[in-house]
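Build the complex: two chains, separate frames, hints provided.
Taken in sequence, the protein lines are chains A and B.
Numbering of the first sequence is given in this note's numbering, commencing with residue 1 and proceeding in unit increments.
Numbering of the second sequence is given in this note's numbering, commencing with residue 1 and proceeding in unit increments.
For the record, the hints were derived by calculation from the structure and aren't laboratory data.
There's no promise every hint is true.
As the list claims (entries may be wrong) - Residues from chain B that face chain A, not an exhaustive set, calculated with beta carbons under 8 Å:
1. Phe129
2. Ser134
3. Pro161
4. Leu163
5. Met166
6. Ile169
7. Arg179
8. Val181
9. Pro184
10. Trp261
11. Pro263
Since we're looking at a predicted model, the values are computed, not measured.
The C-beta atom is built at its ideal place from N, Cα and C for all residues, glycine as well.
Chain residues, written in single-letter form:
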Amino acid sequence: MQTALRTSLPETELAGRANFAPQARIAREERPVQTSGLPLSIRGLRKSFGDNEVLRGIDLHIPAGQFVAIVGKSGCGKSTLLRLIAGLETIDAGSISFGQDVQPEDIRVMFQEPRLLPWARVLDNVEVGLGRDHASSDAHARAEKALTEVGLADKRDQWPSVLSGGQKQRVALARALVSRPRVLALDEPLGALDALTRISMQRLLERVWRDQGFTAILVTHDVSEAVALADRVLVIEEGRIAHDVTVNAARPRERGSAELAGLEGSILSHLLSADDRT
Amino acid sequence: MSLIDSVSLPRSFRLPRVDGLIQWIVPLAIIAIWQVASVTGFVPTRVLPAPSDVVLAGWKLLLSGELVRNIWVSFLRASIGFLIGGGIGFAFGLANGLSQLSAKLTDSTLQMVRNVPHLALIPLVILWFGIDESAKLFLVALGVFFPIYLNTLHGIRTVDPQLIEMGRIYGMSDGELFRRVIFPGALPSIFVGIRFALGIMWLTLIVAETIAASSGLGYMAMQAREFMLIDVVVLSILIYALLGKLADSASRVLERLTLSWHPAFQKR
Ligand SMILES: Nc1ncnc2c1ncn2[C@@H]1O[C@H](COP(=O)(O)OP(=O)(O)OP(=O)(O)O)[C@@H](O)[C@H]1O
Ligand SMILES: [Mg+2]
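Chain B with its partners taken away, still in its complex shape (with noise of 0.2 Å):
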């Protein structure tokens, strides 16, 4: 707060550092609040526990090793299961935008299945894969593959074809073009794609692990739910937010990298 009321500070001094504060007043002021309200026993201790409490929880499970085992699983799971439905899904948007052959072949078949809500398909992959690993991984995929798909497949179909002819009169061979002007005119649709899917990775998981899994953060909440631990259920849900809040700075992060020709992306 008192950075703010220091007005005597330059400007370009003080902005960056009030910036990177900013963002964090509200958050604190809710969990304050939460803590006093919790403390007071305005809110009742069944219904939400004190965020020291959760804290606590968290402290012991750290200690036990089963929050880091949990975590990992989760991640290994969001991550393989990103990897091959995010790849496949690329490779898909690559030939399809690529070519017409390719497009005319699969285009309309992959617009029929992505109309089917994949957490539906949840009952068949129990019956498929019974709560083994592959169950999780491949509802993951499913789930990743349409957004990188049809985010990849969008950027291709909207390069420039007059920079693509310009690459032509150039004499840019069809795997140079592809670097040099297809790719990097693609990109900004996929890295869209790629901050969906990331959601829907999340989304995925915690509805595969709750329901058919013997290990993970879902697997965790549910569990504790068994139990009556409100304060772990409460400390899942707070870890998977942060995941995603971490995936998604990631995906931030690696664009602004990759993009940094783009004036959306210029320092001033």
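Next comes chain A alone, as it looks inside the complex (with noise of 0.2 Å):
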């Protein structure tokens, strides 16, 4: 709701917006490097269930602190993708690397159930993102704070049965976030909430990967989505990386303009003619 009230004033930020745009660009490259993305170079990436070959030869470079999301029809291996990257699955075949030596707490993956524990309050579902450090005497403070990112400080010692579907998502996110990761892997994580709640969710999503700068890899159906949110859109067929779209419009991004709806109709096109021929 905070962010909903927040971007609700087209006015100001439209205004500003010219001004805004790049200097908080050069601020995140500029952000200290514990807080920052890593960079993301996939090569080769071979994955293949049974008799079905589903990735046939995946190369990706994402550079640090990049928002990418990734479309194509269901199915394609969008999900597969992301569990490689997540270190969930196994590789068949290829390499994926971020450059240097990763701890377990930099790669954070949100998936569309927001898979809280039901026993567990939601600061202590944050906790549980802390990983190691669940036990340290800061984790009550540091669960708190990536609470009040997400706007639910005030759910803190609340059950997770008694929350809504966004909220709980927003907690989700919030335990995603408490570590820190350096890249955050979603998977349709607004998939299941409704045309509202996933405007104010893309708008914090935006916000805190802003502040953050990690490097954030988006898996999505919605390519309304996928182009008011990330830097690049990566569209998959049949196993490899169809197209490669890079969205240049400048942030906060203005929902539904020219720009924008211009390339949701390319990208849809991409998406409609693959289905065609199959």
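Take a look at the structure:
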């Protein structure tokens, strides 16, 4: 709600947009190393499940701190690619590297389902995100800070079952962010939310990404979401990256602008023509 | 009754008091009708003694110390048998829920044994143990084993695999995963097993004590039958009912305390 209110003042934001956007980009690149994202290099990545060859050679470089969206028709292997990046599946061939040694806490994943522990209070659920650090003395403070970032500080002592779908997803986001990850992989995190909650979550996601500067990889079904949030949209077809579309629109972006609508249309036509061919 | 009529009291104040009392109306009415029926001779006391006679019999047995001794003996048998059978059932449930190997090794055997009604073993058990304490403990433990085993196993197997994956992603060790994800997830099902087992525990004990015992509530009832002390027989039956109700309430309280996160147990 807070984010929705904050960003629902188009006049002020539009007025300042031309000046703000470039500054925000510079500010992100100047961030100290420990909070910035990791670059990601994928070479010749292949993955099969039995006879089903899902990924047939993915080559991809994502610069540190970039926001990448991945789209493609259902079953094309988007989730598989994300799970491979997050280390949840084993690689058949090829490589994924982050340019340096990474800790488990550096890479976090968010799913369509919030996956909160129903028997743990909201704050305890966020502390789960600290991984091996969850028993440290500042665990509470860090978890509270992450909850505040997603605007749910007042829900810290609630059970997850009393939260709305959007609130649960925000708790899941706080849990993913509490360890200050350098790569955040998101698998349709907003897929189950209603249109309004979706938009406010998209704004929240964009805000924390700009604040923290992690590398974001978002799998989504929603092409307008992809062009609204990402620096770059990848279209996967037949196990490969078929299109790599750069979104240059300045941030904060104006939803429904001609620029974004044009991009959305061309990406959709890629997807549809692929659908026609099969 | 006057409470219900006093509409002027605020709702929030009135409801809890009525809720507490309302469940006692029917049992009290039954006892009152029973008393009247006995006193007027409508029900002959040879068939069913008056409630006042049952209370009197209970008072006498209480004074002689016999009642407390027999209740205590039955209570000990019930709880020790429950702990042994429940403990073993829980251990097997955990092992077979967590380890494929263990499940392959023992589950189908246990499922086969489950189909033997445990009370059918009474003649065999008497041959093995006589009317010793171990006979009763064995039967209670055996009866309690299966509901706890089956429900623990079921609880562990149905823990949301997405939560387990989440726990692994966030770096939980096996022990932590068990303590923070698997066990709490299995707990509602384990409680279902406990409630079932408590019912079976009393049933088994009653049967075992009436057939093969020299102390305990069931024995007290059988002795009374021989001497035609129908008031003591009815007393024993009522005490069994009371103990069963107490055990059930205790497990409900425990459930409420440990499952407070569960939507079904949340206060409005
Ligand atoms: N664990 C698995 N075992 C076997 N096959 C799998 C497994 N995971 C995914 N697949 C198969 O791999 C293919 C790609 O699945 P994936 O989940 O990556 O698709 P997706 O692009 O995320 O689809 P959606 O948009 O519907 O989520 C599908 O054909 C699916 O059946
Ligand atoms: Mg998917």
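Determine which of the earlier numbered hints do not hold for this structure and return their numbers in increasing order. 1, 2, 3 and 7
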